[in-house]
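Novice: As a plain string of letters, each chain reads:
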Amino acid sequence: MNTTTSRRNFLKAAGLTGTGLAFSLPLSGCASNPQHHGNHNWHANAWLELTPDNRILFYLHRTEMGQGTMTGLTTLIAEELEVEPHHIVVKTSGVHTDYVNPLYGIQITGGSSSTATNWIPLRTVAATAREMLRNAAAKRWNVKPEAVQIQDGKAHYQKYSFTYGELVDIAKDLSVPSVTLKTPDQFKKIGKPSIRLDAPMKSKGTARFGIDSAPKGCLKASVVRCPVIGGTVESWDANNAFDMPGVKKIVAIPNGVAVIALSWWQAKEAAKKLTIKWNKPEFSKLSDASILEGYREALKNNNGKTARDDGDTTSAFDDSQQVIEAEYRVPYLAHATMEPMNCSVVLNSDHCEVWAPTQGPDLAAAAAEHASGLRRSQITINTTLMGGGFGRRLNQDFVEEAVYIAKESGLPIQLIWSREDDIQNDFYRPAAVAQLKGSINAQGQVDALYYKSASPNIMPYTFKEASAVVLPAWLPDGMVKAVGSLGPTVYGDLLLDETSVEGASDSPYDVENFEVRHVQHDPGLRVGFWRSVGHSYNGFFMESFIDELAHASNKDAYLFRLELLKNNIKMTQVLSTVADKGLWGKPLEDKNSGPRSQGIAVHYSFNSYVALLAEVSVHNTKVKVHKITCAVHCGQTINPDIVKAQMSGGIVFGLTQAMKGKISIKDGAVQETNFHNYELLRMNEVPEIEVYIIPSSDAPTGVGEPAVPVVAPAIANAIFAATGKRLRALPLTLGS
Amino acid sequence: MITLSLNGNDLSIDADPAMPLLWVIRDIVQLQGTKFGCGQGVCGACTVHLDGIAIRSCITPVSAAKGKQITTIEGLQGSTEADEHPVQQAWIKNNVPQCGYCQSGQIMSASALLARNTSPTDDDITQAMSGNICRCGTYPKIRQAIHDAAKNLSSPASSKASMAPSTENFQSDLSS
Chain A
0 MNTTTSRRNF LKAAGLTGTG LAFSLPLSGC ASNPQHHGNH NWHANAWLEL TPDNRILFYL
60 HRTEMGQGTM TGLTTLIAEE LEVEPHHIVV KTSGVHTDYV NPLYGIQITG GSSSTATNWI
120 PLRTVAATAR EMLRNAAAKR WNVKPEAVQI QDGKAHYQKY SFTYGELVDI AKDLSVPSVT
180 LKTPDQFKKI GKPSIRLDAP MKSKGTARFG IDSAPKGCLK ASVVRCPVIG GTVESWDANN
240 AFDMPGVKKI VAIPNGVAVI ALSWWQAKEA AKKLTIKWNK PEFSKLSDAS ILEGYREALK
300 NNNGKTARDD GDTTSAFDDS QQVIEAEYRV PYLAHATMEP MNCSVVLNSD HCEVWAPTQG
360 PDLAAAAAEH ASGLRRSQIT INTTLMGGGF GRRLNQDFVE EAVYIAKESG LPIQLIWSRE
420 DDIQNDFYRP AAVAQLKGSI NAQGQVDALY YKSASPNIMP YTFKEASAVV LPAWLPDGMV
480 KAVGSLGPTV YGDLLLDETS VEGASDSPYD VENFEVRHVQ HDPGLRVGFW RSVGHSYNGF
540 FMESFIDELA HASNKDAYLF RLELLKNNIK MTQVLSTVAD KGLWGKPLED KNSGPRSQGI
600 AVHYSFNSYV ALLAEVSVHN TKVKVHKITC AVHCGQTINP DIVKAQMSGG IVFGLTQAMK
660 GKISIKDGAV QETNFHNYEL LRMNEVPEIE VYIIPSSDAP TGVGEPAVPV VAPAIANAIF
720 AATGKRLRAL PLTLGS
Chain B
0 MITLSLNGND LSIDADPAMP LLWVIRDIVQ LQGTKFGCGQ GVCGACTVHL DGIAIRSCIT
60 PVSAAKGKQI TTIEGLQGST EADEHPVQQA WIKNNVPQCG YCQSGQIMSA SALLARNTSP
120 TDDDITQAMS GNICRCGTYP KIRQAIHDAA KNLSSPASSK ASMAPSTENF QSDLSS
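In the order they appear, the protein sequences are chains A and B.
Per numbering that gives the first Met the number 0, the first sequence starts with residue 0, numbered consecutively.
Per numbering that gives the first Met the number 0, the second sequence starts with residue 0, numbered consecutively.
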């Protein structure tokens, strides 16, 4: 692959469009990394800094939350720069427009996009630096650049060699050359398993997460919030809380009362002594049953928006031989990252420094700006490692809270949420209800599919936080808030929110008449991005219903899908791989658990193709999942071991959703509190998991999320095979 | 004042006897490898050893640790940087961690298991590890790493060389 010669186009290829960044010069606009800038270093670009003492610094602009991006993106640099990944010093980048995620226009880590969006840019960045080092060496030796070999972190000519550090001084003043990226046959590191760079620190207890990142002198804060999210403090009485040991200050913030103490345990204990009267929001009138009723009413009374309209479904159903109809639904879900939300803030009159485990550092900066009243240029965000993200940390409510506490108290603080705070104050995976309808013609083929769902859109919530980042900094705060509040109008009335229908509107099934509609219905519980987002439930709806259609037409569930996907080569590959490796049609008979049954599902999301075969046994009402066989087509893998880990982890996440996950609402309050009633899968419940990667040298696609959507339907389909009972609601439970 | 023995060091701590050991370790002693996950003893992120037994430090009052040897993740390895515990070596070699937040607790539970059972079966591992939640779902790799560590504990001579991680000098500002 030949990339371009001009600086402008290099910047463009590297995702730097629209910035004034000058390659090979110190980062003029990048105030976020100054502490690492030495005068004699070569700041090749926003990502790479080379030092005369031969260190290579990589400013990692995506956040590591377990998905392996630290190792993956460093490997891309290492490959083109001809060094070992662990010889690169990884530094966290600050907030800067250079680091914006091109898919979203803000600096976020999400959407399984880090590898896919950096595949060309980061390799180009490294290859360009490599060629400049080659040219620098050629100049030192007074030979042609072609005579210089770049290998093992050095420039070689005959028996001579220079370290990169020895070339920095010359390289930094050279012009930017055109570069040719390696072809897959030249890869030495990409596609090979290697040690995760973060494995040692995470195995020795030295990895620093947000909760470990409070600067010295920070006091600890715990907040008591309204039992119904959105409630505000009407009045409060600190009673004896002030007299509790360690307590330094108690302050009210917009959504609660914060106790600040020497240790977090002291803050938490003192908070129990508070008496608070709340102004409860409208949502406090709703409970599970009335919420479900609201969804059904919404579906009945609204046509909704069109997300897909192929052929003519109305006529097809009119002429149909056999019509199958079903209602499916899923509950709200919490993310339950192992590290609870937390944030440290040191605030004074002209500067606000924040340490946050966040998936959106620029969103965090906007939240801090809003809460502190300072200007954006006065905010510094330090992004830390995250104890899980899964989309939860795209919302910055915890940053906003922490800055409010620092502002009201005048103290440096670290806010830590309890597990109860975390489960009861999430941005939840939306609950959704869907009506599905299918038509089977005389030949037993599906000739029409109709999908209509009701759910709250996520975008209005995101819009509110993101508008503060993308709107110009000179806009007054009131104007930013006004635009931010337009979200519900824009996405409720004007635009379709793709995240509500993804997985249905882009279903790969080849059906002539195919209609997808969505009704925006928001009962009022705030919602957010949850690993695989709309796919997490649309995968369950679509793949369970396809199974219903297969059975209605008396066809084998695997062959039925194969027929409907015959024009989709990649999906056919993953589907036939799991049927083959998972021994479709030949479930194992287990001495202890009796006969097993199989279920199969496919799903396309984040540009990746996934198929999954589940093997279960059922005793009375107890379902045991024995084995999962999964195949993924995700293009070129950077580190196949991490790809498998992401798929396997996504499967466990999907199993929790399928077998356990449920947030219940009573009088607007979330009823689940901790892991005893919001259970996560444990080791004793984990089946045997096999993951197969289809070999490919296509550009990489997402792997963090695509395993989640296929798990619940494959298990539901297996339960149907075992019992004849079609479970159309999650979590999957047999009996009453 | 409460006198404690933590990772082989004797310490005098000024703390409420009811204060959970977790917060004494994190907020007073300021060793942060031990993690807070649930505060109810149901997730295992806070697991440490008390006289070699894996316990949940978030529900153990510091007074209960008096006169006992407390070991945290920081005290598991030997005195040098490269002298990891065989369980830590197996964790690194198998790329077990994803987000890594639960792994200190997982490693403390696994090392307590191996201290009393050097060749655990799959059932033994399930039994010992089911109190530790991993939201990333690293369970299959945890199981594999425990089997590997058991093998290396039974033939330690061969272990060191084959287990040496290839990332030993890796540096990042995300590690302390």
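A portion of the hints provided could be inaccurate.
[Stated by the list, open to error] Simulated crosslink set (DSBU-like; lysine-lysine; CA at most 35 angstroms straight-line):
1. A:623 <-> A:724
2. B:150 <-> A:215
3. B:67 <-> A:267
4. A:153 <-> A:271
5. A:271 <-> B:150
6. A:565 <-> A:181
7. B:150 <-> A:267
8. A:272 <-> B:150
9. A:247 <-> B:65
10. A:181 <-> A:267
11. A:276 <-> A:299
12. A:272 <-> A:659
13. A:724 <-> A:590
14. A:247 <-> B:67
15. A:191 <-> B:67
16. A:187 <-> B:150
17. A:299 <-> A:590
18. A:188 <-> A:585
19. A:406 <-> A:436
20. A:272 <-> A:299
21. B:150 <-> A:299
22. B:65 <-> A:580
23. A:565 <-> A:724
24. B:65 <-> A:590
25. A:191 <-> A:480
26. A:626 <-> B:65
27. B:150 <-> A:623
28. A:215 <-> A:247
29. B:65 <-> A:436
30. A:626 <-> A:580
31. B:150 <-> A:247
32. A:188 <-> B:67
33. A:90 <-> A:153
34. B:65 <-> A:248
Calculated directly from the structure, the hints in this document are not laboratory data.
Novice: State for each hint whether it applies.
Specialist: Now the hints, each set against the structure:
| no. | hint | in the structure |
| --- | --- | --- |
| 1 | A:623 <-> A:724 | holds (16 angstroms) |
| 2 | B:150 <-> A:215 | violated (42 angstroms) |
| 3 | B:67 <-> A:267 | holds (27 angstroms) |
| 4 | A:153 <-> A:271 | violated (61 angstroms) |
| 5 | A:271 <-> B:150 | violated (49 angstroms) |
| 6 | A:565 <-> A:181 | holds (34 angstroms) |
| 7 | B:150 <-> A:267 | violated (44 angstroms) |
| 8 | A:272 <-> B:150 | violated (52 angstroms) |
| 9 | A:247 <-> B:65 | holds (28 angstroms) |
| 10 | A:181 <-> A:267 | violated (55 angstroms) |
| 11 | A:276 <-> A:299 | violated (38 angstroms) |
| 12 | A:272 <-> A:659 | holds (34 angstroms) |
| 13 | A:724 <-> A:590 | holds (24 angstroms) |
| 14 | A:247 <-> B:67 | holds (32 angstroms) |
| 15 | A:191 <-> B:67 | violated (46 angstroms) |
| 16 | A:187 <-> B:150 | holds (31 angstroms) |
| 17 | A:299 <-> A:590 | violated (49 angstroms) |
| 18 | A:188 <-> A:585 | violated (39 angstroms) |
| 19 | A:406 <-> A:436 | violated (55 angstroms) |
| 20 | A:272 <-> A:299 | violated (47 angstroms) |
| 21 | B:150 <-> A:299 | violated (62 angstroms) |
| 22 | B:65 <-> A:580 | violated (55 angstroms) |
| 23 | A:565 <-> A:724 | holds (29 angstroms) |
| 24 | B:65 <-> A:590 | violated (49 angstroms) |
| 25 | A:191 <-> A:480 | violated (48 angstroms) |
| 26 | A:626 <-> B:65 | violated (46 angstroms) |
| 27 | B:150 <-> A:623 | holds (30 angstroms) |
| 28 | A:215 <-> A:247 | holds (16 angstroms) |
| 29 | B:65 <-> A:436 | violated (66 angstroms) |
| 30 | A:626 <-> A:580 | holds (12 angstroms) |
| 31 | B:150 <-> A:247 | violated (52 angstroms) |
| 32 | A:188 <-> B:67 | violated (48 angstroms) |
| 33 | A:90 <-> A:153 | holds (22 angstroms) |
| 34 | B:65 <-> A:248 | holds (31 angstroms) |
In terms of the numbered hints stated before, the structure departs from hints 2, 4, 5, 7, 8, 10, 11, 15, 17, 18, 19, 20, 21, 22, 24, 25, 26, 29, 31 and 32, listed from lowest to highest.
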